[in-house]
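Peer 1: Taking the hints into account, I'd like the entire structure generated from these sequences.
Just so you know, the protein sequences line up as chains A and B, in that order. All residue numbers for the first sequence refer to the working numbering, where the first residue is 63 and numbers rise by one. All residue numbers for the second sequence refer to the working numbering, where the first residue is 63 and numbers rise by one.
Don't read these hints as lab results, they were simulated from the structure. It cannot be assumed that every hint is accurate.
Copies of the same chain are indistinguishable here, so a pair counts whether it falls within one copy or spans any two.
Unchecked claim - Listed next, the in silico DSS-like pairs over lysine-lysine satisfying Cα-Cα at most 27 angstroms (straight line):
| hint | residue 1 | residue 2 |
| --- | --- | --- |
| 1 | Lys121 | Lys209 |
| 2 | Lys107 | Lys127 |
| 3 | Lys223 | Lys209 |
| 4 | Lys128 | Lys177 |
| 5 | Lys308 | Lys141 |
| 6 | Lys145 | Lys308 |
| 7 | Lys223 | Lys141 |
| 8 | Lys171 | Lys146 |
| 9 | Lys223 | Lys127 |
| 10 | Lys127 | Lys141 |
| 11 | Lys146 | Lys289 |
| 12 | Lys179 | Lys289 |
| 13 | Lys289 | Lys107 |
| 14 | Lys128 | Lys141 |
| 15 | Lys214 | Lys179 |
On a predicted model such as this, the values are computed, not experimentally measured, just so you know.
Protein chains: 2
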Amino acid sequence: MDGQNSKSTTIDDKMSCQPLSHHNTRNLLDSVDAFLFDCDGVIWKGDALIDGVPETLEKLRSMGKKLIFVTNNSTKSRKQYAKKFLSLGISVSEDEIFSSSFAAAMYLKVNQFPKEKKVYVIGEEGIGEELELAGFTSLGGPEDGKKTVHLKPNYLFEHDKNVGAVVVGLDQYINFYKLQYGTLCIRENPGCLFIATNRDAVGHLTDQQEWPGAGCMVAAICGTTQKEPIVVGKPSTFLMDFLLQKFNIPTSRMCMVGDRLDTDILFGQNAGCTTLLVLSGVTNMSDLQDSSNLIRPEYFTNQVSDIIRLL
Amino acid sequence: MDGQNSKSTTIDDKMSCQPLSHHNTRNLLDSVDAFLFDCDGVIWKGDALIDGVPETLEKLRSMGKKLIFVTNNSTKSRKQYAKKFLSLGISVSEDEIFSSSFAAAMYLKVNQFPKEKKVYVIGEEGIGEELELAGFTSLGGPEDGKKTVHLKPNYLFEHDKNVGAVVVGLDQYINFYKLQYGTLCIRENPGCLFIATNRDAVGHLTDQQEWPGAGCMVAAICGTTQKEPIVVGKPSTFLMDFLLQKFNIPTSRMCMVGDRLDTDILFGQNAGCTTLLVLSGVTNMSDLQDSSNLIRPEYFTNQVSDIIRLL
Numbered sequence: 063m064d065g066q067n068s069k070s071t072t073i074d075d076k077m078s079c080q081p082l083s084h085h086n087t088r089n090l091l092d093s094v095d096a097f098l099f100d101c102d103g104v105i106w107k108g109d110a111l112i113d114g115v116p117e118t119l120e121k122l123r124s125m126g127k128k129l130i131f132v133t134n135n136s137t138k139s140r141k142q143y144a145k146k147f148l149s150l151g152i153s154v155s156e157d158e159i160f161s162s163s164f165a166a167a168m169y170l171k172v173n174q175f176p177k178e179k180k181v182y183v184i185g186e187e188g189i190g191e192e193l194e195l196a197g198f199t200s201l202g203g204p205e206d207g208k209k210t211v212h213l214k215p216n217y218l219f220e221h222d223k224n225v226g227a228v229v230v231g232l233d234q235y236i237n238f239y240k241l242q243y244g245t246l247c248i249r250e251n252p253g254c255l256f257i258a259t260n261r262d263a264v265g266h267l268t269d270q271q272e273w274p275g276a277g278c279m280v281a282a283i284c285g286t287t288q289k290e291p292i293v294v295g296k297p298s299t300f301l302m303d304f305l306l307q308k309f310n311i312p313t314s315r316m317c318m319v320g321d322r323l324d325t326d327i328l329f330g331q332n333a334g335c336t337t338l339l340v341l342s343g344v345t346n347m348s349d350l351q352d353s354s355n356l357i358r359p360e361y362f363t364n365q366v367s368d369i370i371r372l373l
Numbered sequence: 063m064d065g066q067n068s069k070s071t072t073i074d075d076k077m078s079c080q081p082l083s084h085h086n087t088r089n090l091l092d093s094v095d096a097f098l099f100d101c102d103g104v105i106w107k108g109d110a111l112i113d114g115v116p117e118t119l120e121k122l123r124s125m126g127k128k129l130i131f132v133t134n135n136s137t138k139s140r141k142q143y144a145k146k147f148l149s150l151g152i153s154v155s156e157d158e159i160f161s162s163s164f165a166a167a168m169y170l171k172v173n174q175f176p177k178e179k180k181v182y183v184i185g186e187e188g189i190g191e192e193l194e195l196a197g198f199t200s201l202g203g204p205e206d207g208k209k210t211v212h213l214k215p216n217y218l219f220e221h222d223k224n225v226g227a228v229v230v231g232l233d234q235y236i237n238f239y240k241l242q243y244g245t246l247c248i249r250e251n252p253g254c255l256f257i258a259t260n261r262d263a264v265g266h267l268t269d270q271q272e273w274p275g276a277g278c279m280v281a282a283i284c285g286t287t288q289k290e291p292i293v294v295g296k297p298s299t300f301l302m303d304f305l306l307q308k309f310n311i312p313t314s315r316m317c318m319v320g321d322r323l324d325t326d327i328l329f330g331q332n333a334g335c336t337t338l339l340v341l342s343g344v345t346n347m348s349d350l351q352d353s354s355n356l357i358r359p360e361y362f363t364n365q366v367s368d369i370i371r372l373l
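Peer 2: This is the structure in structure tokens:
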């Protein structure tokens, strides 16, 4: 995190954090070829679309801007996300979606994880689906959600010695069985990787309140294994490096739009993107202005539709 | 932990770590009025008594030594531990047992936790029993072990606003419901305490292997709340301060006997006790001699019965 801290301090020093206005929106659009959008709190909140999003995306596309959707939520695959977009009346191709479930699969692919090894999943459907699409064999996940442990003398909990990576993401069905399985793989299988989709403490799983995020399950495995994970979602730079290889656009010509300072905005800043905070999600004006907050976006505004409204 | 680190460094500097021998065992017995024993890995392993323990305890009692049993395992109450001792053929009174479940209840009592407030438990039977014996009202624990969450739009997870403390210990029945309940209390109830019985990463829940310890569940709650707990079990000094008030023996006349360097031995050292590591539990000779290990007991030996055998 040292690099991140020094980076955010530098940015904090040199940048004023400006509200989006008629004047600077034009500058923003002129200086940027691609918009990276976080989803929850930016495009939708729970199952409800945020006002004015479809028109804004359409307008940006008509201006020739590339749109990329980057989400730390690992519970869905890219295919499932494309369906969710469609159900909300927005047409987005799978290729435009970068979820942390996909990032986990891509991390293994980029690092030539052997196809004969297996991946144990603490998480929901999205991770297993993406692993399978990338050609990997996974176990655990939803299948282990109802498994229980009955401790008795001489009981030995067996685990697959061919597991070479444990991927941990948000898991509503977390249980002692999965915690023991993942821990045994990491502690006992030589060289077994410990990959976290992300470390968000909480997330808006419902509109009404926040719920434990992947950071909860990841911390639990850190607690038993006393090891730190490789994080592939925001704010780690893995996903950005991957995006850079895929699209031919320099990060200086990208704008990261998000509702979280410590993941979205930090992610954008770490990569050298322009950053725009929207106040339609978890961060409010007083969080942004709080003296303890060192992460300052270049721009902030109420919601994404302001980009078009202010033009 | 600063104090603990500086203390262990001092001890490390001035002490050689001696194997127990005929000569120094006599010195040890002469210099000590009370023995504090860890249980798992010292007295028993899972459900099996370790060789020679009953005779050793009997002999020490006949020499006028006070015996105190200190365990970080919070799943049982003191009453349940006394039963376990009896089932293994050892007669121990409840007053001689100090479990981290009891420590949690005593922490609240010593700090005058209001009786009209409630305690939410992530843990097993022992914690609720000790809280009740101390006059507190608890909820959660085993009762919430089968509860599930069904996320749907507009769903609001309700929690009791009268919860003033969340106690987290080892919980084989950990689930998303409990994680959300505990998190909401800590994040939303003003002044709500976050108490950890202990932070052991793993423990020998069965003879055959290690399982996630309280450190797993505690870390999960740290992950969502982004807060650090008050730890009442070993190696925190709360339990020792409590013991000191109860027994009229200076810590310099006590010997802590345990199988874990980072809890038992550190706990003894933090308090100024003589320390004896037994190799009948989780620590082996190479762990002790590893250059990365900074925690060195004054004495070490294979098992507690050596104390009498070497005399």
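Peer 1: Decide, hint by hint, whether the structure agrees.
Peer 2: Do the hints match the structure? See the list:
| no. | hint | result |
| --- | --- | --- |
| 1 | Lys121 / Lys209 | neither (49 angstroms within a copy, 46 angstroms between copies) |
| 2 | Lys107 / Lys127 | within (24 angstroms within a copy, 65 angstroms between copies) |
| 3 | Lys223 / Lys209 | within (19 angstroms within a copy, 32 angstroms between copies) |
| 4 | Lys128 / Lys177 | neither (33 angstroms within a copy, 60 angstroms between copies) |
| 5 | Lys308 / Lys141 | within (18 angstroms within a copy, 63 angstroms between copies) |
| 6 | Lys145 / Lys308 | within (23 angstroms within a copy, 64 angstroms between copies) |
| 7 | Lys223 / Lys141 | neither (31 angstroms within a copy, 40 angstroms between copies) |
| 8 | Lys171 / Lys146 | within (26 angstroms within a copy, 51 angstroms between copies) |
| 9 | Lys223 / Lys127 | neither (47 angstroms within a copy, 48 angstroms between copies) |
| 10 | Lys127 / Lys141 | within (22 angstroms within a copy, 69 angstroms between copies) |
| 11 | Lys146 / Lys289 | neither (35 angstroms within a copy, 34 angstroms between copies) |
| 12 | Lys179 / Lys289 | within (21 angstroms within a copy, 37 angstroms between copies) |
| 13 | Lys289 / Lys107 | between (33 angstroms within a copy, 26 angstroms between copies) |
| 14 | Lys128 / Lys141 | within (19 angstroms within a copy, 67 angstroms between copies) |
| 15 | Lys214 / Lys179 | neither (31 angstroms within a copy, 37 angstroms between copies) |
Figure legend: structure checked against the earlier numbered hints; hints not met, in rising order: 1, 4, 7, 9, 11 and 15.
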